[in-house]
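Asks: The residues making up each chain are set out below.
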Amino acid sequence: MNIIKQQPKHFVSLDTLSLDEIMGLIEESLRYKQGNMPPLFDGKTVANLFFENSTRTKNSFQMAERHLKVQEIPFDVATSSVTKGETLYDTCKTLEAIGVDALVIRHPESGYYHELVETLNIPVLNGGDGSGEHPSQSLLDLVTIFEEFKTFEGLNIAICGDLVHSRVARSNASVLKRLGANVVGCSPASWWDESMGLEHRDLDDVLADCDVIMLLRVQHERHIMGDIFSKEDYHVRYGLTPERVERMKPQAIIMHPAPVNRDVEIAGSLIEHPQSRIFPQMTNGVYARMAILNRALGGQL
Amino acid sequence: MNIIKQQPKHFVSLDTLSLDEIMGLIEESLRYKQGNMPPLFDGKTVANLFFENSTRTKNSFQMAERHLKVQEIPFDVATSSVTKGETLYDTCKTLEAIGVDALVIRHPESGYYHELVETLNIPVLNGGDGSGEHPSQSLLDLVTIFEEFKTFEGLNIAICGDLVHSRVARSNASVLKRLGANVVGCSPASWWDESMGLEHRDLDDVLADCDVIMLLRVQHERHIMGDIFSKEDYHVRYGLTPERVERMKPQAIIMHPAPVNRDVEIAGSLIEHPQSRIFPQMTNGVYARMAILNRALGGQL
Amino acid sequence: MNIIKQQPKHFVSLDTLSLDEIMGLIEESLRYKQGNMPPLFDGKTVANLFFENSTRTKNSFQMAERHLKVQEIPFDVATSSVTKGETLYDTCKTLEAIGVDALVIRHPESGYYHELVETLNIPVLNGGDGSGEHPSQSLLDLVTIFEEFKTFEGLNIAICGDLVHSRVARSNASVLKRLGANVVGCSPASWWDESMGLEHRDLDDVLADCDVIMLLRVQHERHIMGDIFSKEDYHVRYGLTPERVERMKPQAIIMHPAPVNRDVEIAGSLIEHPQSRIFPQMTNGVYARMAILNRALGGQL
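Protein chains in written order, with my numbering: chain A, 1 to 301; chain B, 1001 to 1301; chain C, 2001 to 2301.
Source of the hints: derived by calculation from the structure; they are not laboratory data. Fair warning: there could be bad hints in the mix.
Claimed, not checked - Examples of chain C residues toward chain B, derived with CB under 10 Å:
#, residue
1, Gly-2043
2, Glu-2072
3, Ile-2073
4, Pro-2074
5, Ala-2078
6, Ile-2098
7, Lys-2231
8, Ser-2269
9, His-2273
Every residue gets a Cβ at the ideal spot worked out from N, C-alpha and C, and that includes glycine.
Just need the whole structure built from these sequences, with the hints factored in.
Replies: Structural data, given as structure tokens:
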């Protein structure tokens, strides 16, 4: 017990990773996609704590865990002692005490992880924090873009929609600029977030020059849009319609973190359009999360 | 990518299978019961999407998956993005995108699977659709009958109770007639379903001649019976009582898909009666679902 | 089928085990902690039926199952047929019929297991019954005490707090006395339970002589304490404060089954105090449950 304790490999924000580390994770993800599998972690266990609903992120981490032969300790918020008032810290410390090797956490409170990363001896993998960040989604978005263009340098990327409530927008805008992309934002004035430091543009003005259109989900569950415009109005003014797709470059791609509101952010008929990467993003998400888990559990890059 | 895409081996209704295929699945189930195990599917994954409550069907598929070393990707409707309005199609397509190899689905909408089987590239295994069908339950019922009598030809079978709301009745009536059994229906007039094409008989008139009494669950959750008759009345007029069992042939068997309403469809004391196959049906259900999964995942018969 | 049926190795109360058996389980747990692993149970399955919320007990059994390579059949009360009125007996018999090898059950009804142990052919492992017992928690408490002191004989142990609603108090008071410890109870008069046969003492009078202070959870979910005293009052009069810890023997230990109400039973700052065994108890719980499962599944001690 005389050895120096190593800091757990938390994964809470891409901002804390160097560009080298980020590029390493992207390339690792794509190696997994090509069938080069990492070492298995037989005997290691992970708990997935989702304090907000999820299909994609949770199931994607679970698939990544199975590929890595990591065992899952099921954690169901609704039937846990959280309902008896147990704090997040005590819940996580309990899972550490029973031997869980890493925690995937989604929580409605932005920055929930600050206390945890200072005190836990096991890594915290952020599956989304309030309106903060969603770094595993950002990583899979980066994997999808890099797989397509083999670079980020000089790419024209428009992030479109509800920027102010989106944790994906925040994570992505920051890292894409660091990686050399030209990023603009397109959104209704009421959903614009000045603090992201993006240039505000009209989608119709930039569409023809974009390499990547990143659509954001209209957050019904966080934000009622009825007061501002109807779904139909939003679709016509800000959504991706078949007419707008016609004006995109043929090699440009469409992205969306999903779940999609069909015919709001994007016409339902475009979700599986040849230029759409919406479902391939989900496929890449499994490989991205394998890279995140491999890093957390002490595997080699 | 030049190869011809093979159609996924959906399992949505016994009506779409030939009698040869059905007999193949029955015999395969019984081989598993005798200890002849199929090849294992290590590395394959299945998600079980239950949009209606279940113990037997869900746990039975889960047990079959474990016997086959198929990994389960847990799917909990209540904490999924379905709560954010995601469609069934988008949810299933998401699971396909993250690499799930087959979907077991129970859904309250009859025929929910029609859209899915035309569009998904992975098999859909129907765990019950509304008041439509419940083909894995039918298969386990067939396995139980065939195990007992080694044939279906000429067997006298009475399906008794709430025919109109029962997806088991519909599946079973159809396939048992195809297999050569004589099937009659016994039910209160208000629960009779003319469209099944069965002869309507009084249970007390056919009891002595039956080889199989298939009781149906009174669907409290779908149908309030209080208006029509009390539980006690139902039991006396339509339920299986110890007196009625006395009049059955000694080699005849009693079946019920469960969960049982004790002392409604059947006296509680008869559930584990020597002629009851209620719990053995559940045991057979695991082997039947192994056969269904083996077929879906590309194993050999 | 001519062989004599062996009685399943239920684990419902420490009262039914001899002191030799209990000491055997304690020593077995500590052997696992030292890395001597039991045989694996590949192919065996366990279902965990929690009719009351839990983090520690459920996750701890699940971790023990994974260490033993026992497969879990997920059971979710909220989406099971229990919601259709299925009885506990029928639910358990169903799981037996589909081939589950052991059941871990937590249920709000004290003594729920009496009917089950007479009828089921698979072992029932009690994860807590109403205000009855919580024998796996007792076993892990014993493991923690024995690990510390290498004996129970002559130890001075105070069980403190809400004795009347605590299933841990009942289990522990009984077994610790059998093992030779001197056990007293410290509690508000309204939470005193004469039937446990303990001497009633004031915590401040016994503190300096105790080897073990076992704090109990104030059961908010079972008992509203607002009428009697505030949280602050309780903490000052009955809780473990930093001042009280100063008066404990330096080698004495603090225990609590958790979840802890911080600053009620114990000051939040003391939970990870050097003399606290609260998180180590959870770690030991996994080893204790491995011993319980190993016994139930037919492994050798």
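Asks: Each hint should be assessed against the structure and marked as holding or not.
Replies: Hint check results:
no. : hint     : result
1   : Gly-2043 : holds (8 Å)
2   : Glu-2072 : holds (9 Å)
3   : Ile-2073 : holds (5 Å)
4   : Pro-2074 : holds (6 Å)
5   : Ala-2078 : holds (8 Å)
6   : Ile-2098 : holds (5 Å)
7   : Lys-2231 : violated (32 Å)
8   : Ser-2269 : violated (35 Å)
9   : His-2273 : violated (36 Å)
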